[in-house]
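Since chain A is already given, all that's left is putting chain B on it; use the hints.
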Amino acid sequence: MILWDTPRVHAHIDALASAIAARYAAAAAPPLLIGIHTGGAWLAHALYQRLQDALDLDEPAGSVDVSFYRDDLARSGVPAQARPSQVSTSVDGREIVLVDDVLYTGRTVRAAMNELFDYGRPAAIRLAVLVTRNGRQLPIAPDFPAEMLSLEAGERIKLAGPDPLQLHLLRSPPPVHDATEPA
Amino acid sequence: MMRPNPPDAPPLRHLLTTDGLSRPQIVSILDLAESFLPVGERAVKKVPLLRGKTVVNLFFEPSTRTRMTFELAAKRLSADVLNLEVGNSSTRKGETLLDTLQNLEAMQMDMLVVRHAESGAADFFARHAAPHVSVLNAGDGRHAHPTQALLDMFTIRRHKRDFTQLAVAIVGDVAHSRVARSQIHALRILGVPDIRVVAPRTLLPTAIESLGVRVFARLEPALRDCDVVIALRLQRERMQGTQLPSETEYFRHYGLDPARLTLARPDAIVMHPGPINRNVEIASAVADGPQSVILEQVTNGIAVRMAVMALTLGQAPARSGTA
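One line per chain: the protein sequences are A and B, in this order.
Whatever position you read off the first sequence (first residue = 1), add 65 for the numbering used here.
By the numbering used here, the letter at position 77 of the second sequence is numbered 68, and the numbering carries on one by one without gaps.
Isolated chain A, as found in the complex (with noise of 0.2 Å):
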């Protein structure tokens, strides 16, 4: 079921493209924004086009794909659609926004956050998402204002898209290992 339509899920992009804004105004240099794929993507493309010409970036977005770096490959084998990672310039010295649509047990940003230490040494990583839901496992927590929901178990939220965005609600009954669910 649709939990934010359209207009809503861009009311939230728009909300988070001020906090980053205000954030990186003075900065000395612009920020580099990377999405986790495929939900984190879109929203860090929609966050790059809103704050292109505010914080003059000079690289669109990125994405990385954290198939290779997940904790769980015992147990769910390895993924075929995998999409190679872009981050097409250097990391070293930059200040990376990571966006993610939901940030659940903090195991997937913590996979990105490997990955990203693999293309260089970025001078910090901030976390923007969409959503929190309860459940982390992690010391993990958005660095920019998000919306906060508590879920039941056997619930999940997932950011559809590209085109249009809307942040769907899904129940499946509790998973057998529920404690590396990624999200």
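Derived by calculation from the structure, the hints in this document are not laboratory data.
Remember, it's a predicted structure, so these values are computed and weren't measured experimentally.
Here are some chain A residues pointing at chain B (derived, C-beta under 7 Å):
1. Phe133
2. Tyr134
3. Gly142
4. Val143
5. Ala147
6. Pro149
7. Tyr184
With beta-carbon atoms standing in for the labels, derived distance ranges:
8. B/Asp90 <-> A/Gly200: 43 to 53 Å
9. B/Gln156 <-> A/Gln117: 32 to 42 Å
10. B/Asp216 <-> A/Ala80: 56 to 66 Å
11. B/Asp90 <-> A/Asp136: 29 to 39 Å
12. A/Ala93 <-> B/Pro249: 49 to 59 Å
13. B/Val289 <-> A/Leu203: 38 to 48 Å
14. B/Lys36 <-> A/Ser215: 40 to 50 Å
15. B/Val35 <-> A/Gln117: 24 to 34 Å
Listing some non-contacts, in silico: residues in chain B with all C-beta distances to chain A over 10 Å:
16. Pro53
17. Ala108
18. Gly182
Quick reminder that beta carbons are idealized off the backbone N, C-alpha and C, glycines included.
Okay, now just chain B, sitting in the frame of chain A:
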């Protein structure tokens, strides 16, 4: 959410031959390789996917490129790699293949990459390997060299995209070439409508037509309007007696030189599995020329072998106690 393979492709545990693979299986390997390719261009050329896994390269035949790229592929996936060259090992002292296998399994190996002069050696290891061990064939006799064929398909796809429109010419010593056999199977599975094979009769296996290829005795008509030219190495070390006149004469009739290459389409690519014999099967001007993708094949070989390793080890049932 993530599926290990397209739904109609059964999981691969071993890779022994391209014969009998499904199109979705090959496509899933090529797609995954595409994701691994950029890893080689990063500051840290490594992903943690196979951390803690042990890969053994067991080579009973000399190899430079294949062994090195298998080793690099495993290392870029963060696996630990053992290289066992037969000249330095106990097989010289009379140890049987089965004993070698059991000893490697006792060292908790997860994957065996094997090259052997006997056709069927990789199958033998796969039949006897423990359930958690994956076996990859890195070339067995005249039978198969599947990862080479897959990296060639990957290279073709990066330049040509649509296999169902292609004419591919395989030139040279097909008789001794496990690479050619694996290529022909893969090209057919991917839907290439026009596969041509050209060599002197003495260097063609009997009944090669049954693989679905057109056979040419002369090089010129075989090259006409083709999109891909694959030159094969003249494998003198596997030849007996009078299969071949002199190398000079071979080059005169079957050598791929710039003049003959103009018969192919202007955008044709030239491939060779290596190592090349310059001015025997291919002129230096062609091997180093603008249409050559021979060194790309080497780079692509790492990504394709990473994909095969990731898919097969990703499928193998986890060793008890580590699930």
